[in-house]
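2 protein chains.
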Amino acid sequence: MENKFIIPHKGRINKADRQRLMGHKSVILWFTGLSGSGKSTLAHAVEEKLFSMGIHTYVLDGDNIRTGLNKDLGFSEEDRKENIRRIGEVAKLFVDAGLIVLTAFISPYRRDRDFVRNLVEEGEFIEVYVKCPLEVCEQRDVKGLYKKARQGIIKNFTGIDDPYEEPLSPEITVETDKESVEESVDKIISYLIKRGIIKDGN
Amino acid sequence: MENKFIIPHKGRINKADRQRLMGHKSVILWFTGLSGSGKSTLAHAVEEKLFSMGIHTYVLDGDNIRTGLNKDLGFSEEDRKENIRRIGEVAKLFVDAGLIVLTAFISPYRRDRDFVRNLVEEGEFIEVYVKCPLEVCEQRDVKGLYKKARQGIIKNFTGIDDPYEEPLSPEITVETDKESVEESVDKIISYLIKRGIIKDGN
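Those protein sequence lines, which keep their order, are chains A and B. FYI, this note's numbering numbers position 23 of the first sequence as 23, with every residue one higher than the one before it. FYI, this note's numbering numbers position 113 of the second sequence as 113, with every residue one higher than the one before it.
Treat the hints as calculated values from the structure; they're not laboratory data. This one's a predicted model, so the numbers in the text were calculated from it and none came from an experiment. Just so you know, not all the hints are guaranteed correct.
[Unchecked claim] Short derived list, chain A residues pointing at chain B, Cβ under 8 angstroms:
#, residue
1, R12
2, D17
3, E47
4, M53
5, H56
6, G68
7, K92
8, L93
9, D96
10, A97
11, L134
12, E135
13, S169
14, P170
15, I172
[What the hints assert, rightly or not] Below, in silico cross-link-like pairs of lysine-lysine (DSS-like), each with a Cα-Cα straight-line distance of 25 angstroms or less:
#, chain 1, residue 1, chain 2, residue 2
16, B, K148, B, K15
17, A, K15, B, K15
18, A, K81, B, K81
19, B, K155, B, K131
20, A, K81, B, K71
21, A, K49, A, K199
22, A, K15, A, K199
23, A, K187, A, K199
24, B, K143, B, K81
25, B, K155, B, K71
26, B, K81, B, K131
27, B, K178, B, K155
28, B, K49, B, K199
29, B, K131, B, K148
30, B, K147, B, K178
31, A, K81, A, K71
32, A, K71, B, K178
33, A, K15, B, K199
34, A, K199, B, K15
35, B, K49, B, K194
36, A, K71, B, K81
37, A, K155, A, K143
38, A, K71, B, K71
39, B, K131, B, K178
40, A, K49, B, K155
By construction, the Cβ of each residue, glycine as well, lies at the ideal position given by its N, Cα and C atoms.
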């Protein structure tokens, strides 16, 4: 009996094959912005819209990353860097698998975001700057974190005692103190259609 | 203007929604066995078969994990444990995303594999024991690793100077010194159909 287990497998299914089966291209939509700017809300709203168009997506955010893969990491600069590195590597796998992956993390440092941009191919990293003034984010304070940061209970909080480095040339900017969720979603969907990542009739 | 960015988003797209859109259930096919047993060959062959049936898959193996997410890890017992932990967490995300994810790692320790089994829901972890006698694996020695291990150039090599703990009750066992790749693939596909994870007509 011929045994092929010793012969390396050729012609493996690749990214282009998977994209063809999915019916759309795959990219990372990287949402960055202050705590409370609306990253996660927006990522999930975009996912919902894409889902209704039959597009395969996945959202990586604190809910599924900080409680799982990265639960061994804290919030020091070094740990934040490792946090973003791992998220970037996982996002790359999802792109390879053919999905549109949306990530919602503050990701305050430019060099960490650029690290992820350089992990994937040209055009696969779409930086979405979720812009919102600190005062508005602090007023929203959905999770009560700004209050704790002001009281000194939480240290190294982005925008309070840790810097947020604004994207220099993000692919998309949404202003969540001025636009409705629907308007921001439309802006992102239009971009994806214009770039040929998804089709209008998807 | 109403601004909904402060209201937590409800009715998020979930695993069941994504599985419905994919047209099949999502599980982990966890291939375990000695180096050279045929795990990666088999995982890619199963992926190819599933792809031809229109099923969305992704393979995690040394090629995409050791060079990316886990490139900071070595081969000590502690690092091997962390290696499998991260792979398990990533596989869980893929299951949540609705894909059939296939992993091909020696994963020699029972407790590490059981850790992954317990990460996901009942029935989502399918342990595939890629069984092959050490002598046959060593004779194949596709990567020349056994030779190096015997020479003492590589330390802690599974099967030589590190243990391999056989699965006690794997969902599927394939014997790659006795079966052809096609027979092993058929066995796995039949199991997935029988369990209702994929449909015969997929």
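Each hint tested on the structure:
1. Annotation: R12 of chain A was flagged as interfacial toward chain B, and the flag holds, the nearest CB pair being 5 angstroms apart, inside 8 angstroms.
2. A distance limit of 8 angstroms between C-beta atoms decides the matter here; for D17 of chain A the minimum to chain B is near 7 angstroms, and the interface restraint holds.
3. The beta carbon of E47 of chain A comes within 5 angstroms of a beta carbon in chain B, closer than 8 angstroms, and the hint placing it at the interface holds.
4. Taking 8 angstroms as the C-beta contact cut-off toward chain B, the hint placing M53 of chain A at the interface is violated, the least distance being around 10 angstroms.
5. Hint status for H56 of chain A relative to chain B: holds, with the closest Cβ pair at about 7 angstroms, below 8 angstroms.
6. Using the Cβ-Cβ criterion of 8 angstroms, the hint placing G68 of chain A at the interface with chain B is satisfied: the shortest such distance is roughly 4 angstroms.
7. Taking 8 angstroms as the C-beta cut-off, the interface hint given for K92 of chain A holds, the closest approach to chain B being about 7 angstroms.
8. Evaluation of the L93 of chain A hint against chain B yields a held restraint, the C-beta minimum of about 6 angstroms falling below 8 angstroms.
9. Proximity of D96 of chain A to chain B holds as hinted, the smallest CB-CB distance being about 7 angstroms (cut-off 8 angstroms).
10. Among the interface hints, the one on A97 of chain A holds; its C-beta lies about 4 angstroms from the nearest C-beta in chain B, closer than the 8 angstroms criterion.
11. Given hint, L134 of chain A at the interface with chain B, is violated; its Cβ is 15 angstroms from that chain's nearest Cβ, farther than 8 angstroms.
12. Against a cut-off of 8 angstroms between C-beta atoms, the interface hint on E135 of chain A is violated, since the closest Cβ of chain B lies about 14 angstroms away.
13. The interface hint given for S169 of chain A is violated, since its Cβ lies 24 angstroms from the closest Cβ of chain B, which is over the 8 angstroms cut-off.
14. For P170 of chain A, the suggested interface contact is broken, since its CB lies about 18 angstroms from the closest CB of chain B, more than 8 angstroms.
15. Because the closest C-beta pair between I172 of chain A and chain B is about 16 angstroms apart, greater than 8 angstroms, the hint is violated.
16. Between K148 of chain B and K15 of chain B the alpha-carbon distance is near 44 angstroms, which puts this suggested pair outside the 25 angstroms criterion.
17. For the proposed pair K15 of chain A and K15 of chain B, the alpha carbon gap of about 22 angstroms is at most 25 angstroms, so the pair holds.
18. Only pairs whose Cα atoms come within 25 angstroms are accepted, and K81 of chain A paired with K81 of chain B is accepted, the gap being roughly 22 angstroms.
19. Note on K155 of chain B and K131 of chain B: the hinted pairing holds, with a Cα-Cα distance of about 23 angstroms set against a maximum of 25 angstroms.
20. A distance of roughly 15 angstroms separates the Cα atoms of K81 of chain A and K71 of chain B; the hinted pair therefore holds under the 25 angstroms criterion.
21. Between K49 of chain A and K199 of chain A the CA atoms are separated by roughly 13 angstroms; this keeps the pair inside 25 angstroms, and the hint holds.
22. With a CA separation close to 18 angstroms, the supplied pair K15 of chain A and K199 of chain A stays within the 25 angstroms bound.
23. Between K187 of chain A and K199 of chain A the CA atoms are separated by roughly 15 angstroms; this keeps the pair inside 25 angstroms, and the hint holds.
24. Only pairs whose Cα atoms come within 25 angstroms are accepted, and K143 of chain B paired with K81 of chain B is accepted, the gap being roughly 23 angstroms.
25. Note on K155 of chain B and K71 of chain B: the hinted pairing holds, with a Cα-Cα distance of about 18 angstroms set against a maximum of 25 angstroms.
26. At most 25 angstroms may separate the alpha-carbon atoms for a hinted pair to count; K81 of chain B and K131 of chain B meet this at roughly 22 angstroms.
27. The hinted pair formed by K178 of chain B and K155 of chain B fails the criterion: a straight-line CA distance of about 30 angstroms is larger than 25 angstroms.
28. At most 25 angstroms may separate the alpha-carbon atoms for a hinted pair to count; K49 of chain B and K199 of chain B meet this at roughly 13 angstroms.
29. Between K131 of chain B and K148 of chain B the alpha-carbon distance is near 22 angstroms, which keeps this suggested pair within the 25 angstroms criterion.
30. Restraint check for K147 of chain B and K178 of chain B: the C-alpha separation of about 24 angstroms stays at or below 25 angstroms, so the hint holds.
31. At roughly 14 angstroms between alpha-carbon atoms, K81 of chain A and K71 of chain A fall within 25 angstroms of each other, so this suggested pair holds.
32. Under the criterion of a C-alpha separation no larger than 25 angstroms, the hint pairing K71 of chain A with K178 of chain B is inconsistent with the structure, at around 42 angstroms.
33. Of the pairs offered as hints, the one joining K15 of chain A and K199 of chain B holds, with about 24 angstroms between alpha carbons and a cut-off of 25 angstroms not exceeded.
34. For the proposed pair K199 of chain A and K15 of chain B, the alpha carbon gap of about 24 angstroms is at most 25 angstroms, so the pair holds.
35. With a CA separation close to 16 angstroms, the supplied pair K49 of chain B and K194 of chain B stays within the 25 angstroms bound.
36. Proximity of K71 of chain A to K81 of chain B is assessed by CA-CA distance (about 15 angstroms); at most 25 angstroms being required, the pair is judged to hold.
37. At roughly 15 angstroms between alpha-carbon atoms, K155 of chain A and K143 of chain A fall within 25 angstroms of each other, so this suggested pair holds.
38. Distance restraint check for K71 of chain A and K71 of chain B: the Cα-Cα separation of roughly 18 angstroms lies within the 25 angstroms cut-off, and the hinted pair is therefore satisfied.
39. Simply put, K131 of chain B and K178 of chain B have alpha-carbon atoms about 10 angstroms apart, close enough for the 25 angstroms limit, and the pair holds.
40. Distance restraint check for K49 of chain A and K155 of chain B: the Cα-Cα separation of roughly 52 angstroms exceeds the 25 angstroms cut-off, and the hinted pair is therefore not satisfied.
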